[in-house]
Amino acid sequence: MIRSLRIISASPLSLIGLILVAVIVLAAIFAPLLAPFPTHNGSVVDFAFANQAPSARNWFGTDLVGRDIFSRILYAYRISLVLGVVVLAIAVPIGTLVGLFAGYMGGWTEAVLMRIVDVFLSIPPLVLAIAVLGVLEPTLTNAMIAVTVMWWPWYARLVYAIARSEREEGYVLAAEVIGAPTRHIALREILPNCWPAIITKMTLDMGFVIIIASSLSFLGLGVQPPTPDLGSMVAEGARYLPDSWWMTVFPGLAILAAVFGFNLLGDGLREVLGVQE
Amino acid sequence: MTLLRVSDLSRTFQTANGPVHAVRNVSFDVQRGECLAVVGESGSGKTTLANMILGILTSSSGDIAFKGTPLPAKRTPAQRRAIQFVQQNPLSSLNPKRSVGASVRLGLDTYGIGDRADRTRRVEAALESVGLPGDMRRRAPAALSGGQRQRVGIARALVCEPELLVLDEPTSALDVLVQARVLRLLNDLRRDRGLTYIFITHDLAVVRNVADRVAVFRAGELVEIGSTEAIFSSPDHAYTRRLIGAMPVVDDTELDLRNRLAEGT
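Those protein sequence lines, which keep their order, are chains A and B. Counting from 1, one number per residue, gives the positions in the first sequence under the UniProt record's numbering. Counting from 1, one number per residue, gives the positions in the second sequence under the UniProt record's numbering.
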């Protein structure tokens, strides 16, 4: 742990990533304490302060109905992070198991599982998510389902490639000669060798899931108002550019910071865990 | 007493360029307690033969009998336990993400031998029997040298108390001095435990050191089998003569010189 921190700190960019992610996660967790206007999380109106430029009272300005944009960004981070964690918590195990057994067992298992994966991968991701949300109602839960559906095949493909090369290793042969069950070989022997790549990809993907989720809500398909979401804040503000620039720029920068942070941290972890591209 | 009898064994692989006969109508016996060396150049079918004896590859025809009973395609745990394997590359034969102990214990776990504490005792005993400290079971393979890893590989095979060991080039990835120590260990283990070896190698110098009998393979066929002495002094088959002829000659003076150089520099 300490050694990992030292390796990450050795690269300034990774350190910036680690700090950005730490700040964002803490800001999201402690949003109710940190936000100057915690009630602006919901459908509050305060027309006296509507459409205000950034000031000492409202650091990032206010929106059309007078809500503090800084407070709303903190709450929006909560949604984004929860969405990212939930999506990955479902997509990673599914994709990993599919890729692991397809890669190790080969033959018919591989042919069937990987063709299913190919079908999902052949549809442009955002289109797939929009299609899912077109059928389902646009809510936070359904946005998570939509993003999960488009996300798991990437893990299947990643783990499949690793499992295929690991199954040629001597330790797998040794386990097969002993007669260890397939489940043991896949989960106990090969899976541990996939973890570094999976963990690195998860960190990088937190940023991408946040972008995709924001894109969906930008299109009005994700989290619904009045719940604050970075994507829908950008969408609302975009109508008032360039005069009320703060409504768009600050939520946009918030997305950028999150994606940038997770990407830099992911690159740093790649070094720490010794993952090859 | 015959421990293993291979009768008319063949294995054909279907490839894009038609069938390839990797092993063709091979028959031989392995006596209990002997070391049978299997020699031949790459592609002569040695590994295919080993994989069939180990039960990870099915034969196309013919059969393998162990202690008089033909081995089925799906072996019982007892049959698997009796025939264990030591492989060539000590760098890849241990899982880098598992402890040495976890790798050695795999057979005990798979065959359900003993309880937790008993398995740990057996793992330590197996490590000690190959000249490693018992608490090495806690270490990661990355912390071990090539020779130590190969010893762990041998311990993994021994922990199940097998009767027959199939050794696939167990010393060819090691440097000369380590090679000599591992060969001595294998000889001692065979004598002390009454083990039987099928020793696959292309190194005829090693063969002369360890084998009681030699089986010479070429293009999937058994061209000659006989005692090590007989094969080296009067090879019948032209191919065997060429194989022995191609062997680098090292006499005792040369060996001494080589050792002195290795220690000196």
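Since the hints were derived computationally from the structure, they do not count as laboratory data. Misleading hints may appear alongside valid ones.
Chain A regions said to be covered by chain B (calculated; three or more residues, Cβ under 8 angstroms) [unchecked claim]:
no., stretch
1, 28 to 42
2, 173 to 182
Beta-carbon label-pair distances, calculated as ranges [to be verified]:
no., chain 1, residue 1, chain 2, residue 2, range
3, B, Gly134, A, Pro192, 21 to 29 angstroms
4, A, Val135, B, Ser61, 36 to 44 angstroms
5, A, Ser9, B, Gly131, 56 to 64 angstroms
6, B, Pro96, A, Val127, 55 to 63 angstroms
7, B, Asn187, A, Ser165, 34 to 42 angstroms
8, A, Thr182, B, Asn187, 47 to 55 angstroms
Listed next, the in silico EDC-like pairs over lysine to aspartate or glutamate satisfying Cα-Cα at most 20 angstroms (straight line) [what the hints assert, rightly or not]:
no., chain 1, residue 1, chain 2, residue 2
9, B, Lys97, A, Asp118
10, B, Lys97, A, Glu236
11, B, Lys74, A, Glu176
Where a beta carbon is used, it is the ideal one built from N, C-alpha and C, also for glycine.
Going through the hints against the structure:
1. 28 to 42: This one is violated; 0 residues, fewer than the three required, reach chain B with a Cβ under 8 angstroms.
2. 173 to 182: holds (count 9)
3. Gly134(B) x Pro192(A): 21 to 29 angstroms: holds (24 angstroms)
4. Val135(A) x Ser61(B): 36 to 44 angstroms: violated (56 angstroms)
5. Ser9(A) x Gly131(B): 56 to 64 angstroms: violated (42 angstroms)
6. Pro96(B) x Val127(A): 55 to 63 angstroms: violated (40 angstroms)
7. Asn187(B) x Ser165(A): 34 to 42 angstroms: Given range 34 to 42 angstroms: holds, Cβ gap about 36 angstroms.
8. Thr182(A) x Asn187(B): 47 to 55 angstroms: The hint (47 to 55 angstroms, Cβ to Cβ) is violated, given that Thr182(A) and Asn187(B) are roughly 36 angstroms apart.
9. Lys97(B) x Asp118(A): Violated. Lys97(B) to Asp118(A) sits at ~30 angstroms, over the 20 angstroms cutoff.
10. Lys97(B) x Glu236(A): violated (50 angstroms)
11. Lys74(B) x Glu176(A): holds (12 angstroms)
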